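Colleague: Protein chains in written order, with this note's numbering: chain A, 253 to 449; chain B, 35 to 338.
Because the hints were derived from the structure by calculation, they are not lab data. None of these values were measured; they are calculated from a predicted model. A few of these clues could be false.
On the chain A side, residues computed to face chain B include the following (Cβ under 8 Å) [to be verified]:
| hint | residue |
| --- | --- |
| 1 | G279 |
| 2 | H335 |
| 3 | E388 |
| 4 | W389 |
| 5 | S393 |
| 6 | R420 |
Note that the Cβ used here is the ideal one computed from N, Cα and C, for glycine as well.
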Amino acid sequence: MPDTYTDMDLGDADRQQRFDDLFAAFGSDVVAYCRWQSESPSDAQDAASEVFLTAWRRLDDVPAGDAARIWLYATARRVLANHRRSNRRRVALQDRLIVEAAASPDVGAPDQERELVHEALRRLGRRDREVLLLAEWEGLSPAEIGHVLGCLTVTARGRLHRARRRFRAAFEELSSVSAPQSARPLRRELRVREGGS
Amino acid sequence: MNTHASLEALHRANPRSGDDFDPSIEAVRARIERPGHGEVPPVRSRRPRRIAGTLAGVSVAAAAAVALVEFGTRAGGIENAAAAIRQAVALTAASAERSGAVHVRITHDDAAWAAKTLTWNGNDMSVADTWPGRGNEMRVVDGILYFPDPEADGWLRLGSPSGIDPDSGTTPAEYLAAVREDVGGTTLRRLTREVSGLTTRTLDDGSTVYSGRVAAGQVARETGFKEGEAIRVLPFGYVAHDEAADPASLLRVEITVDAAGVVRELAVSWGTWRYTVAYSGLGATPAPSVPPNVHGLKRHVGSD
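Sequences are here, hints too, so could you generate the full structure?
Modeller: This is the structure we're talking about:
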């Protein structure tokens, strides 16, 4: 019997309640994070499920309050890293995830703007993209990002500053090029490049 | 345009604003919640106390997996059966995160054809050919690859797997990466996601066997070309052939989930061939050790 089962507390309603509360409070955050870090919604759901399974198994290690959210992000990051390591042939596809994450035609941002945003994100390095989106999509502070990434706050702040600057530069460049055009050529160009990768 | 404007555009593109975001949360909730709370106690009562305790957390995937074992045998329970497999795979993958062992066996007309045993603990790993009379083994301990010395007693220390045979087809590093994919649950997830025609049967020991069909292309993945032909490789490194090499062929798959909700065996059959992967010691397998009587490759070459 795996050791992982032995620390389960038998019949503990409080434990269950805490887990349910955890999912109610942070389920959407974990799903969102896994969504933009995964290459497909299905993979994101696999990862998010695994994160909460880990949380259940290590419930005593999960900090109280909002710190639990940071713990879950860090766990999700490790789960996703394991997925990537175990499937490195698909790593190249990860770079498309930002494009695909919000590929639904019903998302809030206008199509063209969204295309530009995702193409600009695609032009960033993985590390820049991660720190930027932890801040701008997940709403984490530099200190919290430092916890998730396992680095100092000052390091996270520096990375975030550089990532914002690079994103702005990429976004501006794309905006100036595509201003008179529709979003469609950009999407087509993207697909051609993806098909060739 | 200033930074503020670009960030506002970024905020508007947050995937949370998509219509499909809330259903995603519900999908995850469905994966980790146990349906039919009232129907679970009979299942729990059949199990040893420690396992029953495992099931006590009613929101946990493990519980879902076991609970659904019974639902899957009922009419209309196929969706639950599929969910049960997914949960079992998630639990198995989580349990295999640290360590485990798999025993891979191929039979032809019921006669043994090939066998190997893989054990892993963290990044340490042993891949041993357990076919009688062969006894080859590859071992990775603390990032160092070891092979038995073909010309002398003892083992060769070959250094990092990533630095070996970079231009000679499948390298040890690639092989180990593929093994990690297989032991880490990715392969199981892929197969169970694609299984069709699902049926279930319960064994005397409380295990449940989920049977169905999966396209061979999902079982044996294309890994490269050899002499102009695409090579497809079964999980854990055996080259596929016959129907297994035809990605469109439907192969029969059986997934046995034990009473604790952990995948115990994966079996794939085609023609008179049967390929099985049996899992054991998940989370409880010790790390392979540095082999005895090790010498370096340089010394070995220098001694020739």
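Colleague: All the hints need checking, so say for each whether the structure fits it.
Modeller: Evaluation of the provided hints:
1. G279: holds, 6 Å
2. H335: holds, 7 Å
3. E388: holds, 5 Å
4. W389: holds, 5 Å
5. S393: Violated, about 15 Å.
6. R420: Holds. Min distance 4 Å.
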